[in-house]
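Take the given structure of chain A and dock chains B, C and D with the ligands to it, following the hints.
One-letter residues, chain by chain:
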Amino acid sequence: MIEDLYQELIIDHARFPQNRGSLAAPSHSAHQYNPLCGDEVTLQLLVENGVIQDIAFEGQGCAISTAATSIMTTLIKGKTTEEAKALGQLFRDKITGNAEIEDLGELEALVPIKEYPMRVKCATLPWHALLDALRSETT
Amino acid sequence: MIEDLYQELIIDHARFPQNRGSLAAPSHSAHQYNPLCGDEVTLQLLVENGVIQDIAFEGQGCAISTAATSIMTTLIKGKTTEEAKALGQLFRDKITGNAEIEDLGELEALVPIKEYPMRVKCATLPWHALLDALRSETT
Amino acid sequence: MLTANFPILEIPSRGKRLAYLDNAATTQKPQSVIDATAHYYREQNANVHRGAYWLSQEATALFDQTRVQLANWINAESSDEVIFTKGCTESINLVAHSWGMNNLSQGDVILVSRMEHHANFVPWQQVSIAKGASIVEIPITDLGEIDLEAYQNLLTGRVKMVAIVHVSNSIGTINPIKKMIAMAHKVGAKVMVDGAQALAHLKVDVQDLGVDFYAISGHKMYGPTGVGALYGKRELLDAMPPYQTGGSMIRTVSFEETTFAALPDKFEPGTPNIGGIIPWASAITFLEGQNLLEVAAQEANLAQVLEKQIEQINGIRVVGKAAHRAGIVSILADWTHAHDLGTILDSEGVAVRTGHHCCMPLMKRFNIVATTRASFGIYNTMEDVDQCVAAVQKAKRIFG
Amino acid sequence: MLTANFPILEIPSRGKRLAYLDNAATTQKPQSVIDATAHYYREQNANVHRGAYWLSQEATALFDQTRVQLANWINAESSDEVIFTKGCTESINLVAHSWGMNNLSQGDVILVSRMEHHANFVPWQQVSIAKGASIVEIPITDLGEIDLEAYQNLLTGRVKMVAIVHVSNSIGTINPIKKMIAMAHKVGAKVMVDGAQALAHLKVDVQDLGVDFYAISGHKMYGPTGVGALYGKRELLDAMPPYQTGGSMIRTVSFEETTFAALPDKFEPGTPNIGGIIPWASAITFLEGQNLLEVAAQEANLAQVLEKQIEQINGIRVVGKAAHRAGIVSILADWTHAHDLGTILDSEGVAVRTGHHCCMPLMKRFNIVATTRASFGIYNTMEDVDQCVAAVQKAKRIFG
Ligand SMILES: Cc1ncc(COP(=O)(O)O)c(C=O)c1O
Ligand SMILES: Cc1ncc(COP(=O)(O)O)c(C=O)c1O
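Residue numbers (numbering that gives the first Met the number 0), protein chains in the order written: chain A, 0 to 138; chain B, 0 to 138; chain C, 0 to 399; chain D, 0 to 399.
I should point out that these hints are in silico values taken from the structure, not numbers from a laboratory.
All C-beta atoms in this analysis are idealised placements derived from N, C-alpha and C, irrespective of residue type, glycine included.
Mixed in with the good hints there might be a few duds.
[As the list claims (entries may be wrong)] Counterexamples of contact, computed for chain D against chain C with all Cβ distances above 12 angstroms:
| no. | residue |
| --- | --- |
| 1 | Ala23 |
| 2 | Asn46 |
| 3 | Asp146 |
| 4 | Gly187 |
| 5 | Glu234 |
| 6 | Gly246 |
| 7 | Ile273 |
| 8 | Gly275 |
| 9 | Leu292 |
| 10 | Thr353 |
| 11 | Lys363 |
[Claimed, not checked] Below, computed lysine-lysine pairings styled on DSS-like, alpha-carbon distance capped at 30 angstroms:
| no. | chain 1 | residue 1 | chain 2 | residue 2 |
| --- | --- | --- | --- | --- |
| 12 | D | Lys130 | B | Lys120 |
| 13 | C | Lys130 | D | Lys15 |
| 14 | A | Lys120 | C | Lys393 |
| 15 | B | Lys93 | D | Lys15 |
| 16 | C | Lys15 | A | Lys113 |
| 17 | B | Lys120 | C | Lys232 |
| 18 | B | Lys120 | D | Lys363 |
| 19 | C | Lys15 | C | Lys307 |
| 20 | A | Lys113 | C | Lys178 |
| 21 | D | Lys363 | D | Lys320 |
| 22 | C | Lys395 | A | Lys113 |
| 23 | A | Lys93 | C | Lys320 |
| 24 | C | Lys363 | A | Lys120 |
| 25 | D | Lys178 | B | Lys120 |
| 26 | A | Lys113 | A | Lys76 |
| 27 | B | Lys76 | B | Lys93 |
| 28 | C | Lys178 | C | Lys130 |
| 29 | D | Lys393 | D | Lys178 |
| 30 | D | Lys320 | B | Lys113 |
| 31 | A | Lys93 | C | Lys363 |
| 32 | B | Lys84 | B | Lys120 |
[What the hints assert, rightly or not] Short, incomplete list of chain B residues facing chain C, as computed with Cβ under 7 angstroms:
| no. | residue |
| --- | --- |
| 33 | Pro34 |
| 34 | Pro116 |
| 35 | Met117 |
Isolated chain A, as found in the complex (with noise of 0.2 angstroms):
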């Protein structure tokens, strides 16, 4: 049921998005765009000792790209850099299919749509943008 994908939930982080804005220091930040639709997002961080004090995104995109940009910042800030990688990992592997991994919270709206692969890349790109920023340094 695409009700199940477009779920308040997401339409709402999609129309208000968390962490919408810039930081006035990040530590790190990266531009992502998908080329076949059209999303971008810049992501900046600012993260102290290991550890994602601040986050804000910037960009335009589909509702799924923001909703989920806006679900990842607010699960990630305050969490270590190294558990932020691995809450990605995991539902990237969840978006593409592997059903045994454990409930993710919010991230949850966004799995029905591994039934339509062509989107997938929407949901995750925030998530890529999270690994190039990791992998920068800013001054």
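Frame of chain A, contents of chains B, C and D with the ligands only:
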């Protein structure tokens, strides 16, 4: 029956071609090459007052093209260029499927080639050379 | 019924009736084309041109026949002017490379319309960079029509090539190419028309148009994938050097020198897509059996009904309002992104395309990133329209 | 029985049993490939990559799967290193153009073997002319083997590219390409291997070979026409500019600048031959189910028996006597021309090819114009050999 095509007349002409050689003072000449099978013919004519007084050819090719050239030379020597062209037209029409055409003498031996369209060019090569030659003027 | 001829239309999509509205991307194939394909591989398969045997002789005859049939269909003067390619994109690349690299120089101008598909844009941009020519935009109006006045002003003696799409795949505009060709010829420019979207809907007469080069895609005119054609005027093609090289396009080859075959072989190296070219003839036969004027009118009518009905939904508008338009509707919703709309339509069995439709410069012109596009084909009916409208309404309910 | 898998073999040719011995030109297709083709057009047809709907999603998945399967079959490190083309000829043109035009300059040398097919010869000759490089022959011996000593001597630091055929389509020689590649790499040259004739008979491992570029033809490995592939090492492909341009191979397009997509899309503009690529997977599956070592041995054995038997006929000889040879026999009769022999064989149901086999430089090497070539495939049997021998004997009787 393949024996209708490769009959004695053809094999003989192929083995002992008539008018092979070159002319001392040709008035017209042409070279034809069929890159698909490597058949080559160089045709020389001596035309006086519109009559083909002498003719000779050199070249290499398959039995069909050699025989076709040999037969052509024997048939058009002494004919006017117009008669020769007309005969070529009849032959080309007959060999590409027009069964209504009158008996063409020795050329009839080549008509079974029409079952093998990819070989038709071998039989018409000298006639193309003739048309080319008649369009040319050599010194 | 026409749809019975297209077996794929009977197969449910996500459990719903399929409303196939992505005809601008590729059309479905009539049973005759499918049968001809299987028949070729089952009973006629052989390499063409140089075979010494019966099967090859038969395949060669059929292969040559498609060329003649296509040449007649577009009214080319000779079938030698029809070059087989792997698709419309390759046809244009062939011209941009073989003609462009040899006829353009520093200071020359290539005019390219703002509504070109990337296929008739990027190759010209590449050759302009290589040769120091400049690529200049033919602007379009807010309605999505060529700005003919601006075009007239751009036509100077420095213009060597005009690249223009016959029917826009994004917004459906049918361009006045006959007029535009005549205008270009007045200043001595050649014209490359991208006909990818035209052949399934319009009767094209290349001699009447006076067009220099015309690119065709087989799979967009009910034919197989992997086949296309380039029409070019003989004197132009004759003067052009080969594009790709290899077997079958040569006369003689040696380490010292290679000489090339005559048209059309000169531009067709290697084994062609025989199993695509031969069934393509069945697609042309299928089109020959249609009244194309009626078909085009019917497709345009369905598109108009769709447009009218969805524009009544709050926050929906259609991009591209040209007076002369094919059955293509590019939809924007201010309450959702093209992709979300596309996915909800998909869940309702409605097959549409979302994105920039390989027309980024056009998107930019309208300050948008993507649209949701419905494009009609010969088998579409009012049922497809209704299904699409209902699905858009559902999306509106979901997004509130 | 394997032949039951190939329905075309049951159809009489000129009233006789068909002995299909033109496999080097194109192979016949197993029923599974024919079925997959019809199935695609009947139930799966959609454009790939950018569709927002179920049919396109399914077609895209199948399309991508062929790439992965082919990459695994040739043991590429990544499927990104496999570029789909319309055939082997295009694969080589792609390299000659995109790599050659950007890596060759005045004074550089391209080594090309004397036994190359025009497809791996003319493109290099063209690029050598354009860039002022020289094209130098790797000679072959009277047996039709690469002269390895001469090759070694030619390998100087000026050599930038070596173009070599894996298996000769004219005379069957299987070249020691692994060794030749290693030798070339010692002087820093890249190697382009023409694998058109290899895939149906040999297990190819591109990593083990260490080859830089390897060109593949689908229709010569029991797959559809109009499909081919180029394998290239990732670092080489990454560094190369696009070849053809258009849709699907771009990242962003504007009048100011165009940026390109990553591998493999960068080299695949336009709608691919989806209806060919998807069934190609069935051909690979068919080959995966075979013991290729046994198949190759059987084909070579049939060729040897044919060779032995016809060489007993007066005035017949076989050109190409390499120690390591595939199932290809190139026949010369001093009492008739290749074409006449081919026609008589045809009249007996024996399908062979006559001519220069797109290898004019090789023909010249042996001072001949044409041969009559029998080439074996997986379904051939001793019955085909017997039929061919009897037909040659008949020709001998006719020509006396
Ligand atoms: C050795 C060789 N190279 C290249 C080719 C060209 O392959 P294709 O015609 O599929 O492009 C062929 C086939 O004719 C061949 O035998
Ligand atoms: C207007 C237009 N031009 C060119 C093309 C490219 O055609 P193909 O993908 O068949 O090469 C298309 C299709 O995508 C198109 O719609």
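Right, here's what the structure says about each hint:
no.	hint	in the structure
1	Ala23	violated, 9 angstroms
2	Asn46	violated, 4 angstroms
3	Asp146	holds, 15 angstroms
4	Gly187	holds, 24 angstroms
5	Glu234	holds, 23 angstroms
6	Gly246	violated, 4 angstroms
7	Ile273	violated, 5 angstroms
8	Gly275	violated, 5 angstroms
9	Leu292	holds, 27 angstroms
10	Thr353	violated, 4 angstroms
11	Lys363	violated, 7 angstroms
12	Lys130(D) with Lys120(B)	violated, 39 angstroms
13	Lys130(C) with Lys15(D)	violated, 58 angstroms
14	Lys120(A) with Lys393(C)	holds, 24 angstroms
15	Lys93(B) with Lys15(D)	holds, 27 angstroms
16	Lys15(C) with Lys113(A)	holds, 19 angstroms
17	Lys120(B) with Lys232(C)	holds, 27 angstroms
18	Lys120(B) with Lys363(D)	holds, 23 angstroms
19	Lys15(C) with Lys307(C)	holds, 24 angstroms
20	Lys113(A) with Lys178(C)	violated, 50 angstroms
21	Lys363(D) with Lys320(D)	holds, 17 angstroms
22	Lys395(C) with Lys113(A)	holds, 23 angstroms
23	Lys93(A) with Lys320(C)	violated, 44 angstroms
24	Lys363(C) with Lys120(A)	holds, 23 angstroms
25	Lys178(D) with Lys120(B)	violated, 45 angstroms
26	Lys113(A) with Lys76(A)	holds, 26 angstroms
27	Lys76(B) with Lys93(B)	holds, 21 angstroms
28	Lys178(C) with Lys130(C)	holds, 28 angstroms
29	Lys393(D) with Lys178(D)	violated, 44 angstroms
30	Lys320(D) with Lys113(B)	violated, 37 angstroms
31	Lys93(A) with Lys363(C)	violated, 36 angstroms
32	Lys84(B) with Lys120(B)	holds, 17 angstroms
33	Pro34	holds, 5 angstroms
34	Pro116	holds, 6 angstroms
35	Met117	holds, 5 angstroms
Consistency note: the structure conflicts with the earlier hints numbered 1, 2, 6, 7, 8, 10, 11, 12, 13, 20, 23, 25, 29, 30 and 31.
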